[in-house]
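Listed here are the chains, written in short residue letters.
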Amino acid sequence: MTSSTALVTTNLNEEKDDYIDAFSDIDQADPFELKKDYVATQLAALMSFCKKSRSDVAKDLGWKKSRVTRVLSGRENLTIKSIWEFTAYLGFEFDVAFRRPDELRAKQPWQTAREVSVPIPAVNWQIQTSNLSREVTMEIQTAKDVVNDLIHGEVKDYYVSFVRNDPKTTYLTDMSAQITNFIPTRLKLPVMRIEDY
Amino acid sequence: MTPEDWDGCWKIYTICTDADKRTSTTNADLLLLGSSDRRLAVKSYSTLLGKANTGLNFYDLYDEKQCHEAHTFKMNGKTEKIYRIWGSGDIRIYFIYLPNKNIVLLKTCPKRKDHLTKGEKAQLDVIAKYVFECLETNEFSTRIII
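Chains A and B, in that order, are what the protein sequence lines are.
In terms of numbering that gives the first Met the number 0, the first sequence opens at residue 0 and continues consecutively.
In terms of numbering that gives the first Met the number 0, the second sequence opens at residue 0 and continues consecutively.
Among the clues, some could well be false.
Beta-carbon label-pair distances, calculated as ranges [unchecked claim]:
hint : chain 1 : residue 1 : chain 2 : residue 2 : range
1    : B       : Asp4      : A       : Phe91     : 20 to 30 Å
2    : B       : Lys73     : A       : Glu92     : 47 to 57 Å
3    : B       : Lys64     : A       : Phe31     : 32 to 42 Å
4    : A       : Ala87     : B       : Leu30     : 40 to 50 Å
5    : A       : Pro30     : B       : Pro98     : 26 to 36 Å
6    : A       : Arg74     : B       : Lys80     : 21 to 31 Å
7    : A       : Pro100    : B       : Lys64     : 27 to 37 Å
Sample of chain B residues with no beta-carbon within 10 Å of chain A, all distances over it, derived [as the list claims (entries may be wrong)]:
hint : residue
8    : Leu29
9    : Glu79
10   : Lys110
11   : Glu119
Cross-link-like lysine to aspartate or glutamate pairs, in silico, DMTMM-like; alpha carbons within 25 Å at most [claimed, not checked]:
hint : chain 1 : residue 1 : chain 2 : residue 2
12   : A       : Lys34     : A       : Glu102
13   : B       : Lys10     : B       : Asp62
14   : A       : Lys51     : B       : Asp113
15   : B       : Lys10     : A       : Glu138
16   : B       : Lys77     : B       : Asp6
17   : A       : Lys58     : B       : Asp89
18   : A       : Lys64     : B       : Asp124
19   : A       : Lys64     : B       : Glu63
20   : B       : Lys73     : B       : Asp4
21   : A       : Lys35     : B       : Asp59
22   : A       : Lys51     : B       : Asp89
23   : B       : Lys100    : B       : Asp59
24   : A       : Lys64     : B       : Asp59
25   : A       : Lys143    : B       : Asp4
26   : A       : Lys63     : A       : Glu102
27   : A       : Lys34     : B       : Asp89
28   : B       : Lys117    : B       : Asp89
29   : B       : Lys120    : B       : Glu63
Note that these hints are calculated values from the structure, not bench results.
Ideal Cβ positions, reconstructed from N, Cα and C, are used throughout, including at glycine.
All chains, please: the whole structure from these sequences, using the hints.
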C-alpha cells in the first residue's frame, strides 16, 4: 500500500468500518484450480499470439473441438503430453521454471514482442564539479538496452541509473498529478483497479 | 490476486462511491451472492484477471460462448456495447471496454438464463451510461490505489 492510499483511507468516514470486504474470500480460492486456470490461459494466449483459432487447433491436431475447449478452459487436468502437443504445434518449447511466490514470472512471447524500445536521442552534456569538467554524451537506455550493450562488448564509460517516479499506470492522464497529493474533492466517480484488491 | 502488471495488459476497474474499495459496485455484487456463488464469482474474477494480464484479445482467450456481446444501447447517436463473460457456474460478469485497454466492470450476478430481462438491460444501461458520461466530462477520479 502506498502513502497516497494511506492518506485516502484515513479520510474515510468511520461508519464505513462496518462494511464487509467480499474480496477477502479471494485468499480462500483453491490454489490448484487457479494454477490449472493459469496454465490454460497461457495456452490460449499462445494460440492467440500465433494467430491460430480453436478450429485450426482442432483440425491440425486431430482433436475434437470439445477437447480444445476443455484444454483451454482450465477445466481439464492437462497431461504433459497435451501441453507438449499443443506448444509444439504452435512452434514453441515449454519449460518447467521454478520461482518463489514473490518472484516475477518469466515473460511470455506476447509480452516480450510488445516491448518495443523507443530510442531517445543522445544529448551532449557538460559535467562540471569543483575539480572536474568533462564533456559527456548522455543516452537514456533501458535495462535491456544496457544488457544488450554488455553482451556485445559495447561498454560505456559511466552508468547512471534513474528510477521513474511517476505512477506505473494512470487511468486518465490529466488526473495523474493528483495521485501524489490526493484530495478527494472531485470524487464523483472513483474507479479502482480490480487487480489492486 | 495481484497479477504482474505490464504495459500491454488490460486494466480492469470497478466503480466506487468513495475511496474505500468496499464501496465498489463489485464488492456490493459479491455481497449479494450466496457463499457458493461468491466462490464461483471470485474464481471468475481470477480467471478474468489472468486473461487480462496477457493483454490479448478476449475473443481468443475465451471461447465465443464464454465471452460475447450481451446488450447494446444508444448513447449520443452511437451504439455502445456491453459484453458478458460466462464465468464459473452460473456467474455472469458484465463489462464495457474503454479506450487504452481499460475495462470497467458493470455488474456481476448469477444468471440461470441467457436472456436478459428488460429490467436487467435497463440497470446495465444506467451504469454504463454513467461511466461513459463521466469519461466524456472527464469526471473520473484517478486510480486510488497505485
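These are the hints, each one checked on the structure:
1. B:Asp4 - A:Phe91: 20 to 30 Å: Holds, since B:Asp4 and A:Phe91 (Cβ atoms, about 24 Å apart) stay within the stated range.
2. B:Lys73 - A:Glu92: 47 to 57 Å: 50 Å, holds
3. B:Lys64 - A:Phe31: 32 to 42 Å: 25 Å Cβ-Cβ, so the 32 to 42 Å window is violated.
4. A:Ala87 - B:Leu30: 40 to 50 Å: With a Cβ separation near 46 Å, A:Ala87 and B:Leu30 satisfy 40 to 50 Å, so the hint holds.
5. A:Pro30 - B:Pro98: 26 to 36 Å: Given about 35 Å between the Cβ atoms, the range holds.
6. A:Arg74 - B:Lys80: 21 to 31 Å: 28 Å, holds
7. A:Pro100 - B:Lys64: 27 to 37 Å: Because 33 Å falls inside the window, the suggested range holds.
8. Leu29: 3 Å, violated
9. Glu79: The claim holds: B:Glu79 sits with its nearest Cβ about 17 Å from chain A, beyond 10 Å.
10. Lys110: 18 Å, holds
11. Glu119: 21 Å, holds
12. A:Lys34 - A:Glu102: 16 Å, holds
13. B:Lys10 - B:Asp62: Distance ~21 Å between B:Lys10 and B:Asp62 Cα, so the pair holds.
14. A:Lys51 - B:Asp113: It is violated: about 28 Å lies between the C-alpha atoms, which goes past 25 Å.
15. B:Lys10 - A:Glu138: With Cα atoms ~31 Å apart, B:Lys10 and A:Glu138 exceed 25 Å; violated.
16. B:Lys77 - B:Asp6: At roughly 29 Å apart (the allowed maximum being 25 Å), B:Asp6 and B:Lys77 break the hint.
17. A:Lys58 - B:Asp89: Not satisfied, since the Cα-Cα distance of roughly 30 Å exceeds 25 Å.
18. A:Lys64 - B:Asp124: 35 Å, violated
19. A:Lys64 - B:Glu63: Distance of about 13 Å is within 25 Å: holds.
20. B:Lys73 - B:Asp4: Not satisfied, since the Cα-Cα distance of roughly 33 Å exceeds 25 Å.
21. A:Lys35 - B:Asp59: 18 Å, holds
22. A:Lys51 - B:Asp89: 29 Å, violated
23. B:Lys100 - B:Asp59: 16 Å, holds
24. A:Lys64 - B:Asp59: 14 Å, holds
25. A:Lys143 - B:Asp4: 18 Å, holds
26. A:Lys63 - A:Glu102: 37 Å, violated
27. A:Lys34 - B:Asp89: 21 Å, holds
28. B:Lys117 - B:Asp89: 19 Å, holds
29. B:Lys120 - B:Glu63: 21 Å, holds
Of the numbered hints listed earlier, those contradicted by the structure are 3, 8, 14, 15, 16, 17, 18, 20, 22 and 26.
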